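Now for the letters of each chain:
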Amino acid sequence: MIVDEKQHTVKFDPAKLSDVVTTGNKSVCFWNWAEFSLEGYVGKITKGDFGRISGKFTSTIFLPGTGNAITTTQNGTAILWETQFATVLVEEAKRESQMRSISKIIALVDGGINFAITSPNGYLVIACGDGAVRYYDYYLRLEAWFEDLSAGPVTSLSFAVQDCPHPAAEAGAPGLKFWCPDFIVGTSDAFIVGVESFLFDEIRPDDRRGTLLLQGMADFVSCIVCHPRRPLVTFAGHNGTLQMWDYDMKILMNLREFNPRVGAALRTSSAASRLEARNFLRPSCIAFEPNGEFLAVGFFSGHVKFVSIDTFEDIASFAPSIDSITALKFSSSGTYLAASDSTNHVLLFQKSSTADPLTSGGELEGPGHEYFLYIGRSHAHCAPVTGLEFGMKDGLETLISVGGDRRCVEYDLEVSSVISGLMHIDQNTPLLDLNAVPTALMWHPRSPQDTEDKFVIVNDEFKFKQFNVDSKICRKTTLAPTFGDVPNCLIPIKSADGDFFAYSTKAKVIGLGAFPLSGNPTKAMGLVAHSGQITCISVTFDGKFLLSAGGADLSVNMWAIDTTALSAGRDQPEDEMNSFLGLLEDGPGGALHNDIIDYFYYCQLRTQGEYSMENRAVVGAIPVPEVASLVRAIGFYPTEEEVANMTNEVRYEDFMVSGKLQETIDLVS
Amino acid sequence: MTDSLKVNWVYGFSKDIINGTQSLTLRDRNALFFISSHSGVIYDFEHRTQIVLQGHCNQITCCAISSDKRWIVTGDVGDDSILVVWDSTTGTPVKTIFIPHAKGVVAVDISDDSMYVTTLGETDTVSHSL
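Chains A and B, in that order, give the protein sequences. Under my numbering, the first residue of the first sequence is numbered 1, with each subsequent residue one higher. Under my numbering, the first residue of the second sequence is numbered 1001, with each subsequent residue one higher.
Any given hint might turn out to be false.
[Unchecked claim] No farther apart than 27 Å at their CA atoms in a straight line, the calculated lysine-lysine pairs in the DSSO-like style are these:
| no. | chain 1 | residue 1 | chain 2 | residue 2 |
| --- | --- | --- | --- | --- |
| 1 | A | Lys-56 | A | Lys-6 |
| 2 | B | Lys-1006 | A | Lys-506 |
| 3 | B | Lys-1006 | A | Lys-250 |
| 4 | A | Lys-393 | A | Lys-506 |
| 5 | A | Lys-6 | B | Lys-1006 |
| 6 | A | Lys-16 | A | Lys-47 |
| 7 | A | Lys-6 | A | Lys-26 |
| 8 | A | Lys-104 | A | Lys-47 |
| 9 | A | Lys-494 | B | Lys-1006 |
| 10 | A | Lys-56 | B | Lys-1103 |
| 11 | B | Lys-1095 | A | Lys-16 |
| 12 | A | Lys-16 | A | Lys-104 |
| 13 | A | Lys-476 | A | Lys-494 |
| 14 | A | Lys-472 | A | Lys-329 |
| 15 | A | Lys-44 | A | Lys-56 |
| 16 | A | Lys-544 | B | Lys-1006 |
| 17 | A | Lys-494 | A | Lys-454 |
| 18 | B | Lys-1103 | A | Lys-26 |
| 19 | B | Lys-1095 | A | Lys-506 |
| 20 | A | Lys-393 | A | Lys-351 |
| 21 | A | Lys-544 | A | Lys-494 |
| 22 | A | Lys-544 | A | Lys-454 |
If you're looking for bench data, these hints aren't it; they were derived computationally from the structure. Source: prediction; values computed, not measured.
Kindly produce the complete structure, drawing on both the sequences and the hints.
Structure (structure tokens):
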């Protein structure tokens, strides 16, 4: 049977298993399923009744033992459905008279009713939109109320299994004390509160609040960040809150609401409150100072604040931009803070011991009274900034930004000052790539044998490209993890097993990969972390946990990192080759593989003269310029620039280590 | 390879799902169940430990608990929707029904004797199963 209106809730009759009721916004259906066939009827609402009911139906439950049902509405009314028991002889009329119809419509509460349930000891419990929980007997007489929970509109209510410790009144019977089992209440302000029935008898409102069991996030989580030294993690919520949790003890340590007064005013919509709404502070990104002493918070309104860790109080406040701040990064020494905003600017703050009365926003506590100065901003990119990182170049700190315009800009931190503003090193910055747009940036971890500083970008063609910081020449191009969408965030992880990185994509997938980057698919993994968008990931200071924020699904998951599978077998070159061959169509030994081997030998023939009559030597290697012909033979037609990049990558592969250029390439390396 | 990242803890819960938070408290146990995105979480608030129930691919839309607090039923809406019955003490899925309704399950209820589960699908049809 199909009903006209979409139903949203379903409930069994606890007393009579064959009865089920479903509720829609404006209709209620009663179903019966004896004998494996489902039959039902829509509860009749007469025109007269219809006029008295306003507001959507939120839930319907059966009252056990009476065969009646109660529907609650968003406007606080309860509708009682009763069966008319009449002695009728005709079979058909008898059946119709057993259908339920409206017998009473009562306005119970002023606020809305979110839903109703029955308590195990005979009460009807109403969960209200004004945050109260009220107990009625089955004749809708009020017996008890919990109105001081102060946790927000109630969206969940559930009883524990408990025996009554003392003789208590039956619902509806006068005399003995009220009792109900302990229950928990979940609210739409993201609290879960445990309530005990004796709280009803408490006199002071403060004592009637119940125990907070769990606090969640009330709004979209825009950013998460881990403390550099202690097991703390901070979440930024879109409703203007910061929460700091200790992830070892699983306790909420600190909470701050940036807009305590404005919160209530926003519920009305007047011009004055809309003006205040523009100044409503919603944190968009946060960063811990490298020594872990304070926190920098960037907002959607363009403000940047520094807050203390212990109390979350403001230490300094700046308003450098009118557009939202999209990234915040501290340099590893803590001297500089870089930010990017949504109009493609890059901003810089510098810590100094002298204050500039014109630009400094505040004083930082600490030895020597240091100040943060706003240096300036640079509009070097014409598309959104997708990566902003501080790193070391020849032992000195430098700042690099990459953007959707495919440019990489390096900023001159020595020369930038309050007077000159943020300067960038005036290189004729070539495009990083002709077509592919870089989506994330990280610094390549430096191992003892490396002689150059490199950074890595991932672009929307799923390629990792490693660039030399000085010359911005691409050193290597390898395949990025292809589990899901293109990675849009990369974080290097240092562990005892070696160097790894964590990545996240725009939606659903996060994962890990291993250095050195070789494009080997067995050296990376990915899994579905959230059912929707992923806003941010962060790695703890000891590299043991990865946290991912799911944005609109209001959850942050903490994952334990185990790198044994990724680092296993990393040193065997034969296995490495097999994993790449596995990527070819038909795998190793298949048609494509054999074709490649054939073309390789043909290249050797060509270089030694196709039409020559002399003996040819099978040297097992071809000169580097022939690589272009080889790839064209298997169907990949690179542009001249790509050919130049490929041959340079091969030539300079060992340059930094051995000082020699590679002029030939064989099948293995 | 998927053991490289294992869920350790879940912060935050889906606060707007009606009856998305349920009590699992019995005489010897102080626990509650909540929905967080596509995972259910059994949270023992006395010892502060969590058992994460993973398996759904989409946001969980509804849940129901049996009256003896032994079974948890969860359902979701979307592609590859499933209906799962979990054991509330160990968190192991006891029964999984793939695509119980064409587009997913919008509401679910379990009978008092834990013998029957009724589900309401996205397309207005009600179905029962044991």
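Legend entry - Straight-line alpha-carbon gap Lys-494(A) to Lys-454(A), limit 27 Å: Measuring from Cα to Cα gives roughly 16 Å; hence the hint holds.
Legend entry - Holds or violated: Lys-1006(B) to Lys-250(A), with C-alpha atoms at most 27 Å apart: holds, 17 Å
Legend entry - Hint consistency between Lys-104(A) and Lys-47(A) [alpha-carbon to alpha-carbon, up to 27 Å]: holds, 14 Å
Legend entry - Hinted pair Lys-16(A) and Lys-104(A), Cα distance within 27 Å: holds, 23 Å
Legend entry - Pair hint outcome, Lys-6(A) versus Lys-26(A) [Cα-Cα no greater than 27 Å]: holds, 9 Å
Legend entry - Holds or violated: Lys-56(A) to Lys-6(A), with C-alpha atoms at most 27 Å apart: holds, 12 Å
Inset, instruction - With a cut-off of 27 Å on the C-alpha distance, tell me whether Lys-494(A) and Lys-1006(B) pass. - result: holds, 19 Å
Inset, instruction - Quickly compare the C-alpha distance for Lys-476(A) and Lys-494(A) to 27 Å and report which way the hint goes. - result: holds, 21 Å
Legend entry - Restraint check for Lys-44(A) with Lys-56(A), where alpha carbons must lie at most 27 Å apart: Cα-Cα ~16 Å, so holds.
Legend entry - Proposed proximity, Lys-506(A) with Lys-393(A) (alpha carbon, max 27 Å): Given pair Lys-393(A), Lys-506(A) is violated - Cα atoms ~30 Å apart, limit 27 Å.
Inset, instruction - Mind checking the alpha carbons of Lys-544(A) and Lys-494(A) for me, to see if they're no more than 27 Å apart? - result: holds, 10 Å
Inset, instruction - Take the C-alpha atoms of Lys-1103(B) and Lys-26(A), compute the straight-line distance between them, and say whether it is at most 27 Å. - result: Status holds; Cα separation ~22 Å.
Taken one by one, the earlier hints fail for this structure at numbers 4, 5, 6 and 19, listed in ascending order.
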